[in-house]
Amino acid sequence: MKTYLSLITIDLKLASRLRTVIVFTYIFPLMFFFIFATVFGVRQNPKVMTYVLTMSITLGVLANGLFGAGIRALQERELNILRRYKVTPITPVPLLVASMVTGWVIFMPYIVLVICLAHFIYHMPWPVQLPSLLVFISIGLIAFRSIGLVIASVANTMQEGTILVQLCYFPMLFLSGATLPAIMFPHFLRVISNFIPATYLVSGMQGIMLRSEDLVTDWRWVVALIVTTLVGVTVGTKLFRWEKEEKIRGSAKLWVVVALLPFLLLGLWQSYAGHIVIRTDIFGR
Amino acid sequence: MNSDAVIAVQDLRKSYGQVEAVKGIDFEVRAGEVFGILGPNGAGKTSTVEILEGLRPRTGGDARVLGYDPERQKQQLKDRIGVCLQATNLPAKIRAQEALDLFGSFYSRSISSEKLLHRLQLWEKRSAFYETLSGGQKQRLALALALVNDPQLLFLDEPTTGLDPQIRLEIHNLVEELKSEKRTVVLTTHYIEEAERLCDRVAIMDEGKIVTMGTPRELQQKSREQSRIQIVTTQPLNAVQLPQWPDAVQTSLDGDGRQLTVYSTRPARTLFEMMRWLDQQGIQLEDVHLKRPTLEDVFVEITGKKLRE
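Those protein sequences? They're chains A and B, same order as listed.
Numbering follows the numbering used here, with no gaps: position 123 of the first sequence is 108.
Numbering follows the numbering used here, with no gaps: position 221 of the second sequence is 206.
Warning: the hint list may mix true and false statements.
In the PhoX-like style, the derived pairs of lysine-lysine whose C-alpha atoms are separated by at most 20 Å in a straight line are [said to hold, decoys possible]:
1. 59(B) to -2(A)
2. 110(B) to -2(A)
3. 223(A) to 59(B)
Heads up, incomplete: computed chain A residues facing chain B, CB under 7 Å, no partners named [said to hold, decoys possible]:
4. -13
5. -9
6. 75
What the hints contain is simulated information worked out from the structure, not anything from laboratory work.
For glycine and all other residues, C-beta sits at the position ideal for the given N, C-alpha and C.
The task is simple: from the sequences and hints, build the whole structure.
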């Protein structure tokens, strides 16, 4: 326990000293929050605030998970920082757990802040299922951090890692309904969005905020996020490498697909049942 | 295995694919000694040491460190040893004292960070970020981290490489302190003078094998290379008939005849006789140099290569 607490404490201190963390975790998502709130005319239609809020939170979750956890883990390996840990009696588990907890602690104040801003500035009603919303976002954040850690585990170099992160980041950003309104999507893109993990995060948050759904209503998405976390942590631990010289074979990159498997299965199920997960009703004024 | 052996290695092998980095080596390290592993880059030093530290699996043979198998009992072993690696880093924004507190929390026992900061002369830098420390301060911090669990066995992998002479001297003093505290130290280096000064025993490695092992003095004595006596006189010796001094194997004069070089198997005796002869001849002495064979000479003699090739 001493090891876990020390690692979490130091990770939090280090994060608070990095300007990039402040900029990418708070300032950038907040900028988008205000810009999109203005662009989408939230003051005329407070329902659209749900969309803006979801977009802003999803941007933060993706950045925190894929870049914050994934790229940082890669950097630590490339800079020979993990090599120093390797000579101590610790295993990768405390390092991965500390990364998850730190990401959550850093991100949750932002969630509380944007919900308050949405309420006080743009008159969005308080979400009826606020505890469910916070728990759902927390589960989502941890799941996306675990995807980031799997990417860090399978990438041999920073260049490879950056490519893999971008390959996950942009489809999740644009095809999940987080940034581009799903109402603009042709049918085939809506089907594709069924296979995108971020779609379930976006849709789950919108369901909780718009229709007062709770974790039980969205249980399949909650389970998929939790399974992704478990698979991610297991794969991340199994493939964890302390040194940049320890290379992994190319086929190991398929573990990223394994980490995303719960969403691929969910996407297949939804498509087979003829469901479209992404919501198109928000702009249907 | 010797009863006071802290490390015992038998027929140790390590391969990376088709490349055999360590080709069946045997040695023991006794409690309280500084054991040096000397060799050029690619000799297999780091592979050997990293196997003993529990960082890499071996391909064959047997190894015991503090009674543990470094491959199967690596966590227990890592809890008991201190390691200063050749190329490591810490996060740029971690403070020196925070790093010591953090790493101390990983072990079942640890020394207070305050004590280590004082000992390694880093107290003034305790609140400095890692990125602001000089190369020497970073290396001292690396050594402090290696001591954080108060280990009885330390592995120092090229601890002075790339450091300026003053810092190197400080680190040499620290190793001597560790030795006086009866800690066992395994030191890899390619600095000859470092091995000669600090090590009780040295194993010289080349191409994955130990080519010779013993105390620095034993190795120097094993050398066929003789000590070189060089004297400079005030007047040329060209016109003088030089005698055959005892144990001298080769004698030569340089161009102007004032510098005489004599190779000897027993330099003290030869030098004494030379001084006596010069005195008898009334020749005045300007300078004297005596150079014993170094570990480098031993290495060159055995392998035909230079240590830093």
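Checked hints:
no. : hint            : result
1   : 59(B) to -2(A)  : 30 Å, violated
2   : 110(B) to -2(A) : 18 Å, holds
3   : 223(A) to 59(B) : 17 Å, holds
4   : -13             : 5 Å, holds
5   : -9              : 4 Å, holds
6   : 75              : 5 Å, holds
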